[in-house]
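**Q** Please model the complete structure; the sequences and the hints are all you need to start from.
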Amino acid sequence: MQILDVMEKALEGTPMSETDYQLRRFAPKVQEKVKEYGIKYDPKHPIPDDGSLADDMFEAAIELLAEVGAYCTSTARVISYSEHEIRRAIAEAPEEIELGEGRDRRKLRGRKVGDKTPPWCLLGTGGGACSSDKSFITLVEGYAEIPETNGITTPALTRVGGMRIRPASPLEVLGAQRNAVLARETCNRVGREGIPIMNSLSTAESDIAFAAAMHPKFGMRRSDAYMICCMDPMKVDFARLNKVTTALSLGGPISMCYGPLLGGYAGGAEGTALSNIVHHMMGLLTYQASWLLPFPLHLRYVSSSCRELLWVISTTGQAVSRNSHIISLNLNYTSAGPCTTMCLFETTASVTAAVTSGMSIESVGVASNRYEDRTTPVEPRISAEVGHAVAGMKLSEANALANKLLAKYESKLSSPPLGKGLFECWDADRRRPTREYRNVIRSYKRSMAGLGVKLGEEL
Amino acid sequence: MSKGVKMADEKKLMKALADAILSYDSAAAEAAAKEAIKRGLDPLEAIEKGLSPAIEEVGKKFEKMEIYLPELMLAADAMRSSMSLLLPLIPKGKALSKGTVVIGTVQGDIHEIGKNIVSNMLMANGFEVVDLGVDVKTSAFVDEARKSNAKIIGASALMSSTIGSQKDIVDYLTSMKVRKKHAVMVGGGPTTGEWSKEIGADGWGEDAATTVKLANRLVKRK
Numbered sequence: 001m002q003i004l005d006v007m008e009k010a011l012e013g014t015p016m017s018e019t020d021y022q023l024r025r026f027a028p029k030v031q032e033k034v035k036e037y038g039i040k041y042d043p044k045h046p047i048p049d050d051g052s053l054a055d056d057m058f059e060a061a062i063e064l065l066a067e068v069g070a071y072c073t074s075t076a077r078v079i080s081y082s083e084h085e086i087r088r089a090i091a092e093a094p095e096e097i098e099l100g101e102g103r104d105r106r107k108l109r110g111r112k113v114g115d116k117t118p119p120w121c122l123l124g125t126g127g128g129a130c131s132s133d134k135s136f137i138t139l140v141e142g143y144a145e146i147p148e149t150n151g152i153t154t155p156a157l158t159r160v161g162g163m164r165i166r167p168a169s170p171l172e173v174l175g176a177q178r179n180a181v182l183a184r185e186t187c188n189r190v191g192r193e194g195i196p197i198m199n200s201l202s203t204a205e206s207d208i209a210f211a212a213a214m215h216p217k218f219g220m221r222r223s224d225a226y227m228i229c230c231m232d233p234m235k236v237d238f239a240r241l242n243k244v245t246t247a248l249s250l251g252g253p254i255s256m257c258y259g260p261l262l263g264g265y266a267g268g269a270e271g272t273a274l275s276n277i278v279h280h281m282m283g284l285l286t287y288q289a290s291w292l293l294p295f296p297l298h299l300r301y302v303s304s305s306c307r308e309l310l311w312v313i314s315t316t317g318q319a320v321s322r323n324s325h326i327i328s329l330n331l332n333y334t335s336a337g338p339c340t341t342m343c344l345f346e347t348t349a350s351v352t353a354a355v356t357s358g359m360s361i362e363s364v365g366v367a368s369n370r371y372e373d374r375t376t377p378v379e380p381r382i383s384a385e386v387g388h389a390v391a392g393m394k395l396s397e398a399n400a401l402a403n404k405l406l407a408k409y410e411s412k413l414s415s416p417p418l419g420k421g422l423f424e425c426w427d428a429d430r431r432r433p434t435r436e437y438r439n440v441i442r443s444y445k446r447s448m449a450g451l452g453v454k455l456g457e458e459l
Numbered sequence: 001m002s003k004g005v006k007m008a009d010e011k012k013l014m015k016a017l018a019d020a021i022l023s024y025d026s027a028a029a030e031a032a033a034k035e036a037i038k039r040g041l042d043p044l045e046a047i048e049k050g051l052s053p054a055i056e057e058v059g060k061k062f063e064k065m066e067i068y069l070p071e072l073m074l075a076a077d078a079m080r081s082s083m084s085l086l087l088p089l090i091p092k093g094k095a096l097s098k099g100t101v102v103i104g105t106v107q108g109d110i111h112e113i114g115k116n117i118v119s120n121m122l123m124a125n126g127f128e129v130v131d132l133g134v135d136v137k138t139s140a141f142v143d144e145a146r147k148s149n150a151k152i153i154g155a156s157a158l159m160s161s162t163i164g165s166q167k168d169i170v171d172y173l174t175s176m177k178v179r180k181k182h183a184v185m186v187g188g189g190p191t192t193g194e195w196s197k198e199i200g201a202d203g204w205g206e207d208a209a210t211t212v213k214l215a216n217r218l219v220k221r222k
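Each protein sequence line maps, in turn, to chains A and B.
Residue numbering for the first sequence follows the numbering used here, starting at 1 and increasing by one per position.
Residue numbering for the second sequence follows the numbering used here, starting at 1 and increasing by one per position.
Simulated from the structure, these hints should not be mistaken for lab results.
Hints may be right or wrong, so weigh each one.
To be verified - Heads up, simulated DSS-like pairs for lysine-lysine below, C-alpha to C-alpha not over 27 Å straight-line: (1) B:K213 x B:K147; (2) B:K60 x A:K412; (3) B:K197 x A:K420; (4) B:K213 x B:K197; (5) A:K412 x B:K61; (6) B:K11 x B:K61; (7) A:K35 x B:K60.
**A** Structure follows, in structure tokens:
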């Protein structure tokens, strides 16, 4: 399936209104598959150990995609795929991708359930916003210095020349170009010039800004990765396909990211997990993706650490990794903010669910990524430490750990502590957390040791 | 009780209207409204006693996550099907809704889920809602608010690069000298209470429930 095939389908597919596709085609068909395959969420097992459930979900997802297709909002038509096309795309998905340069060049591969290989750690803000070049540089410098970092996900700049960036405007074009230049230069400053930038680029939301910032003169390389966000559910438009076409012409691997909402079009935990899995397949085809980045979120909490979401992450990882070699990284969000143990416990739970279930990670959107400059290099660092520590853990052990972690924060998800801002708890000059935050980390690591998970030395 | 309609019949007709909403069935809602009109049921009572309690119940279920977005939207669709038949029969001057809210996702932003939830929850709570969709120009918000005499404009933005358009709406209203006629509430992922104050909006809806409460406050104020 190539981009011209996708365009042909988008131009020739069955005409349908967006509302009809979402409400009368996608949503009921998801529930039909959930029922048909007897998919059932079990709150006692946020990280279930049931291979047949995962396998059923994968098959249900193939059927679902064959029956509902994707939807192009620009042409108001359904992009249909046959089961043969879907299975072929799954079989032909890349098994590995080489990213980065020099000593930071690494192979990103799919993982398996219980895999002892550490996850690929794509670290950063998960698209979080920062208010200035200063906070951008502080954050990226911090991410690049984390020993486990395999790739950087940069924050989104919100201002250029003192002006708030506007979509598809010269300010966005300049902001996206600045994002590329600053990210590369900042990695260079800390001796990790070769590290891949894998979310090209948070500031570039429009196709014009994306195309402008991808120009090699701003520092982006073929060994970086080009991330394009899908609209929930299963939607694409010409602007996104323009990004795909631009990225294909530049030769870098594309990632499709997507955030199905629990409580949204796919319904509860079961439907959201199914939607998460089917988006993997749809991304390979429609967005020409080489790797996938799901970030399922809870409608109310706007985070991925609650019990249902751990189940969604885990079943997605198990379904995809048991039945394919598709490369999938789960991006997690926390409800709580920096300098709180809750935030660290939340990211620990989500990362554990992903890594033990056969996924790699992008981490982390902090405090629902709602606030500017309310994230630090600490939270992704902890995520990476956890990712390495739990690699190889059995699902049953991971489930026990998840239940203990949930007990620490579950009741606080509806009104989480927002913690502190970047410069309130991170000392940019000394490139380390403040004393207060170090105490929080110490307390968190003591708790983790008590739960049998030994993490790295103090920051 | 409606003139000429027996109490037993009235109950049956009200139940049919409510059931249509609670089963998210537009065709049934349309049929129930037609039957109610045919049998002489007072259209105002049909809405106030049949449809409104049902859509409020749907809103509460969604709030508790007993149902999800598709059911909420389908129930609102069913409500609209009935209302389109009943509303024209109500004499002008009889206040039905709490007020009109013009809502949309701002220019350059195509995220719709949050806006859809708020739009449908407002409707479920007695507001008349004009939903302009996504990627809505600043002038379109204001033009529609003036046209439909909306008490409130609701502007949703999901990206840090698009929230600036919420400020444009406030500025545009001010420059058109109609700022006091239309309250502005803002919401969406990167928005906060501080942002709302900074741009001079009338309030921030953190989620659908708080937005409904905010809208209730704003209509009383206006």
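**Q** Taking the hints in turn, state whether each one holds.
**A** Here's how the hints hold up against the structure:
no. : hint            : verdict
1   : B:K213 x B:K147 : 25 Å, holds
2   : B:K60 x A:K412  : 22 Å, holds
3   : B:K197 x A:K420 : 21 Å, holds
4   : B:K213 x B:K197 : 18 Å, holds
5   : A:K412 x B:K61  : 22 Å, holds
6   : B:K11 x B:K61   : 23 Å, holds
7   : A:K35 x B:K60   : 25 Å, holds
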